[in-house]
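Visitor: Sequence:
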Amino acid sequence: MSKYLPLLLPAFLLFGCKPDINKGYADYADALILRVAKESPCDCIVLQHSVVKTYESEQPNRDIKPLLVRKLQLKNAFELDSLEKLTLLYKPDTAFFKRNGIRILPENRLRLWRNDYDTLDKTCPKGVEVVCKPIFNKTFTKAALKTEIAYGCLSAPLIFADLKNATFSYE
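Here my numbering is used: the sequence shown runs in plain steps of one and ends on residue 181.
If you're looking for bench data, these hints aren't it; they were derived computationally from the structure.
Any given hint might turn out to be false.
Claimed, not checked - Label-pair distances were calculated between CB atoms; the ranges are:
hint: 1; residue 1: PHE88; residue 2: PHE170; range: 18 to 28 angstroms
hint: 2; residue 1: TYR180; residue 2: LYS148; range: 34 to 44 angstroms
hint: 3; residue 1: ASN175; residue 2: ASP128; range: 42 to 52 angstroms
hint: 4; residue 1: SER179; residue 2: ASP128; range: 32 to 42 angstroms
The model shown is predicted, which means the values in this text are computed figures rather than measured ones.
By construction, the Cβ of each residue, glycine as well, lies at the ideal position given by its N, Cα and C atoms.
Please model the complete structure; the sequences and the hints are all you need to start from.
Guide: Pasting the structure below:
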């Protein structure tokens with residue numbers, strides 16, 4: 011056993027003592043998405059990809075990364091890419107949202123309901139807000155996200171938020 015200790019110690023220090031940044035991301039993302047949901051006329055939320063992925067699919071000729079790097083006060087696009095990876099692991103705390111009167115629906119539900127407005131109206135009578143998973147800076151004090159009403163024809167602008175006194179405010 012003692013001959014494996016030199017191998018186990020670095021692994022433990024690398025993986026065992028690492029702060030849970032994914033949990034931090036989830037807590038801040040839940041708080042920011044709740045803020046958006048509370049201000050929305052809709053009663054259901056569907057989460058989409060990150061802001062970057064959404065813009066890449068909606069506007070392939072526009073590079074949104076320089077704007078995000080500047081607004082989130084990041085060093086470069088590589089830092090943005092690493093922070094965006096947190097969105098891939100994000101799972102909303104559905105119990106948290108339910109306690110606050112918001113239903114979180116899976117993204118595929120929108121595709122299923124595209125032609126089934128009766129089910130959509132019964133499940134979400136006030137409508138569905140589509141929210142991109144936010145991207146934060148490393149300290150979670152600045153964020154970028156995009157939100158719009160499902161099945162709408164208008165594109166919504168990016169929203170930039172600052173965390174001050176434990177509350178997100180929009181720029």
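Visitor: Decide, hint by hint, whether the structure agrees.
Guide: Results for each hint:
As the Cβ distance of PHE88 to PHE170 is approximately 21 angstroms, the hint placing it in 18 to 28 angstroms holds. Between TYR180 and LYS148 the C-beta distance comes to about 20 angstroms, which lies outside the given range of 34 to 44 angstroms. Range check, ASN175 to ASP128: about 44 angstroms between beta-carbon atoms, so the 42 to 52 angstroms window is met. Between SER179 and ASP128 the C-beta distance comes to about 39 angstroms, which sits within the given range of 32 to 42 angstroms.
When each numbered hint is compared with the structure, a violation occurs for hint 2 only.
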